[in-house]
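Throw the hints in and build the complete structure from the sequences for me.
Residue numbering for the sequence shown follows the numbering used here, beginning at 1 and increasing consecutively.
The set of hints was computed from the structure by calculation and includes no laboratory data. None of these values were measured; they are calculated from a predicted model. A few of these clues could be false.
As the list claims (entries may be wrong) - Below, in silico cross-link-like pairs of lysine-lysine (DSBU-like), each with a Cα-Cα straight-line distance of 35 Å or less:
(1) K42 <-> K63
(2) K42 <-> K85
(3) K63 <-> K74
(4) K42 <-> K74
(5) K63 <-> K85
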Amino acid sequence: VQLQASGGGLVQAGGSLRLSCAASGIIFNVSAMGWYRQAPGKQRELVAAINSGGDTNYADSVKGRFTISRDNAKNMVYLQMNSLKPEDTNVYYCRSYSYPNYHWGQGTLVTVSS
Numbered sequence: 001v002q003l004q005a006s007g008g009g010l011v012q013a014g015g016s017l018r019l020s021c022a023a024s025g026i027i028f029n030v031s032a033m034g035w036y037r038q039a040p041g042k043q044r045e046l047v048a049a050i051n052s053g054g055d056t057n058y059a060d061s062v063k064g065r066f067t068i069s070r071d072n073a074k075n076m077v078y079l080q081m082n083s084l085k086p087e088d089t090n091v092y093y094c095r096s097y098s099y100p101n102y103h104w105g106q107g108t109l110v111t112v113s114s
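Listed below in structure tokens is the structure:
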């Protein structure tokens, strides 16, 4: 199983980034996918998730700014991040879940400067 996240970088506050996660080794179209983030010394937290049917949920802190989407034909999941804030600075991780297994990808660093 491989979840390859990309798209992180340095952006000014108010800017946008799109994270991508390429999945392989899983049955993607039946897997729930999610983006999590973790700041140093803090627990990893859910940012956004999308299930196999396309239903989504978001952390309150990103609602209205971030959008998660998936492309089952390409085994890809995306996180469009708009109106970025300095507090969005984190390492972002992609996760797949298909009962009873879940897998994590490597993180991609997002840095938002004020």
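Hint check: K63 vs K74, CA-CA at most 35 Å. Holds or violated? holds (26 Å)
Within a Cα-Cα threshold of 35 Å, do K63 and K85 meet the stated pairing? Holds, at roughly 13 Å.
Checking one constraint from the list: CA of K42 to CA of K85, max 35 Å. Satisfied? holds (18 Å)
Holds or violated: K42 with K74, Cα cutoff 35 Å? holds (33 Å)
Need the status of pair K42, K63: alpha-carbon distance at most 35 Å? holds (21 Å)
The structure agrees with every numbered hint stated previously.
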